[in-house]
Every structure is written in C-alpha cells, then in structure tokens.
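**Student:** Numbering follows the numbering used here, with no gaps: position 73 of the sequence shown is 73.
No lab work stands behind these hints, which were simulated from the structure alone.
Any given hint could turn out to be false.
Think about it this way: if two alpha-carbon atoms lie no more than 30 Å apart in a straight line, the pair counts; the simulated DSBU-like pairs of lysine-lysine are [unchecked claim]:
{"no.": "1", "residue 1": "Lys93", "residue 2": "Lys343"}
{"no.": "2", "residue 1": "Lys165", "residue 2": "Lys331"}
{"no.": "3", "residue 1": "Lys93", "residue 2": "Lys331"}
{"no.": "4", "residue 1": "Lys393", "residue 2": "Lys165"}
{"no.": "5", "residue 1": "Lys343", "residue 2": "Lys331"}
{"no.": "6", "residue 1": "Lys393", "residue 2": "Lys343"}
{"no.": "7", "residue 1": "Lys165", "residue 2": "Lys93"}
Being a predicted model, the structure only gives us computed values, none of them experimental.
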Amino acid sequence: SRQARPLEVGLSSASCRPQDGGASPQTRTATSSGLRTQVAMIVAVVALGCANNITKQIAAKPLHSYSYMLGLATAVAYVPLYGLILVALVVNKVVPRHQLDFVWRCSLQPGFPILGLFAVAALGDTLGDVIGMICTPYVAGPVHSLLSNCTPMFIAVLSMLFLRKRYSLAESLGLIGVLGAVLLGIVPSFEGGSSSATQPFYAAVLGGSCLFNAIAFMVKERLFERYTVWFSTRNVDDEVGSGLNIFVVNTHAALFQLPFTLLCMPLNVALGQTHGEGIVPYMREALHCEFASDASACGPDGVQGELAGTCTIVYVVFNILWNISILMSVKYSGALTTFVALKAIFPVSTLLFACVDWPLIGRTDLNWIVWLSVALILPSIALYQWATGEQQKRYLQHPSLAACCWPLGRSRVVLAVDPL
1 SRQARPLEVG LSSASCRPQD GGASPQTRTA TSSGLRTQVA MIVAVVALGC
51 ANNITKQIAA KPLHSYSYML GLATAVAYVP LYGLILVALV VNKVVPRHQL
101 DFVWRCSLQP GFPILGLFAV AALGDTLGDV IGMICTPYVA GPVHSLLSNC
151 TPMFIAVLSM LFLRKRYSLA ESLGLIGVLG AVLLGIVPSF EGGSSSATQP
201 FYAAVLGGSC LFNAIAFMVK ERLFERYTVW FSTRNVDDEV GSGLNIFVVN
251 THAALFQLPF TLLCMPLNVA LGQTHGEGIV PYMREALHCE FASDASACGP
301 DGVQGELAGT CTIVYVVFNI LWNISILMSV KYSGALTTFV ALKAIFPVST
351 LLFACVDWPL IGRTDLNWIV WLSVALILPS IALYQWATGE QQKRYLQHPS
401 LAACCWPLGR SRVVLAVDPL
C-alpha cells in the first residue's frame, strides 16, 4: 500500500535552511529574505484564490446561461500561456529535453503511450471545470467554494479502491467531518428563497463533478511517479533534478483540454442551458453575448450583459495568476504550506462574499447553517492533514503499521510486525 502526498505537483519543495544561531549576517539576510518570499507566496495564493472565486461569480451574472464560455475562455488562454512558458524553460535548459522524450516516446504499456495519461487527466479536468462553470450562476459563491471540498473525499475513495491506500481512524473521521460540513452547507438551498439562492439540483451536480477533478489529480500523480521510475532507468544527466516539471504536464494537458472543452458543448443541453435550442444557435448567441457589448446580448437572465466580455477577461486573468501563484508557492514554500493556504481560501472568500458589496452580485446573505458548516470543515481538514502525516510516519517505520482504521486492531498489527 502506498501513501500519497497531500499535494504533489512536480516541483521541488522549499529547501532546508540553516538554523545555526551563529550564522553570518549574509546568511541571516538570505534566510530572512526567503521567509518573506514564503509569506508573500502564501498571501498571493489566498488573495488570488479569493479573487478567482469572486470574479467567477461576478462573470456568471451577465453570462448566466452562457457561463460555459468561462471554461472555454480559460482553455483557450492556457494553451499559448503554458506553451510559451515551456518553450522558454526548454530554451534556457531549465527543462531538459529528455522530459519531452518521456511524454512523446514513452509507453505505459505496449499500445498505450504515456501521452494517453495526459489525455485522461485533461478530460477529467475539462469535465469538472465545464460542469462547474455551467452550475456557477445557480450556486451561491460560498456554497460553490464549499462544494469544491468534495474533491479530496473523492480522491480518498479512489485511492482506497484503486491504489489500496489505507486510512487511519483519525483520517476517516476527518473526511467524515468534511462530508458532513458539505452536506450541512447545502441544506439551506432546499429552503428556496431569493432568486440568488442556491438551487439544489445544480449544487448536487457541482459536488458530483468534483469526481472528475479527483480522477485528473490521481492521473497526474501517476505521471509524476511514472517519470521518476523511467528516469531512474535512464543514463542521462539532469542538473535540475529528476522530477517532471509541472509546465511539461500543464502544457500537454492544455493541448487536450481545449478540444475536450469544445466537445463538452452538449453538456449545456443536458443541464438545461440551451432552453430547447440546438448547439449551433446556442454557441452563436454565446459568442454574441461575449463580444457584442450590448445590455440585451446575454438574454433576459443576464445582468448588464454589456459587461460579459470584460468580466470574462478579468476572471481569466485572475485564474491564470492564481494557478501560477500555486506553482510558485510549492516551489518556495513547500507542498504542505501551499495545501494549508489553499484551504484558507474557502473561509476567507466566504467572509468576503458576506461582508463586501461586490459589483453585480452585492453581498451574499448566508444562512447560519452555512456558517456552522464553515466552523465544522476547518477543524476536519486540519484533523485529516495531521492524521495523514502521522499515517505517513507509520508507513515509513513499517508499511504494515499504516493499517486501515489505525489504532483499531493495533495489537494485531504490532504482533505481525514484531512477533517477539
């Protein structure tokens, strides 16, 4: 049984820093500068993550039935952005060329190239993102952020079923707490209310779509592991380390994500966005909504339709900046710190939704039950994260000690490890 790391994106974590109190002034200055960089990265992840959530909700107001365009816009932007970054990294020899050989020439097994895993990961991300965008106008911002926490639960279930990962009792309790908080948070949506209230059907669909993002996460993790195994068998020099660079993964996934996003147009029909129209007239209207700068271009449900294009651009910019900040944070602050920063986005954005009068969406009135779910989910995530670290320590001591529902059955496991 393997123990997955909480966040693995193919970049080296922060290096160990000297703790010697007698360090030179230059060393202390460098250490202080490194600490400031870490704090800046953490703040950037939280701030840009909140901006990503809020601008998405704002953009969904004018777009409304055409919110699919948010997913298409980001897919279009990712290809040239990540492509140019990857080209620059290869030219400057930050990314060795044999990493591209791994992508294009290596096979997972005869007849199944590694490139196929990139396609599977891109398909998972595409389905999760597109469904999420379509559901956005019908789910309040805080509930939308809350439902994103379904992803780690799906990852846990898939890891247990397909990777035979075993979870301790504390990990299981943490995940149950997260699930309970998510279910509790969507209870007020069944009470109806204003037109801006969350609609239960779309909330359920949004939560279920996290399964696709979980699959994409696991496939990407498999890619990093597969590259490590492949690299260990190759007689090549890699001065920048043996890890697969994240921009290699992102660029190739983006190449697949764009056509997959186009192929996902029928989801608009399935989720009732076309109002009986066909795909072709629907997309014609969606493009008109984006580029017409006309108040009536987005239909009767769109709020200030002339702002649709501007709001979309603002969202795409913040989305890209947020993704880049995550990568930078992992590099300079480490995976664990970045994971904690990502989890801080939900409560901070919830406060911002409730306390700030935002353009187009105003303040979001939250039921006290939603606040209760916030209070429940934070300690549940902290418990799960702590328990995962403890389970990893037991696994490194002896794999059998990382037993399912530890410490239940502890004596039997200890006896199997050390019968004397």
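**Student:** Work down the list of hints and note, for each, if the structure agrees.
**Tutor:** Hint by hint, here is what the structure shows:
1. For a cut-off of 30 Å, the pair hint linking Lys93 to Lys343 is broken: about 34 Å separates their Cα positions.
2. A hinted pair counts as satisfied when its Cα atoms are at most 30 Å apart, and Lys165 with Lys331 qualifies at roughly 27 Å.
3. This hinted pair checks out: Lys93 and Lys331 have alpha carbons roughly 18 Å apart, not beyond 30 Å.
4. For the hint linking Lys393 to Lys165, the alpha-carbon distance of about 14 Å falls within 30 Å, and the restraint holds.
5. Restraint check: the Cα-Cα separation between Lys343 and Lys331 comes to about 18 Å, which is no more than 30 Å; the hinted pair holds.
6. Of the pairs offered as hints, the one joining Lys393 and Lys343 holds, with about 23 Å between alpha carbons and a cut-off of 30 Å not exceeded.
7. Taking the CA atoms of Lys165 and Lys93, the gap is about 37 Å. The hint is violated against a cut of 30 Å.
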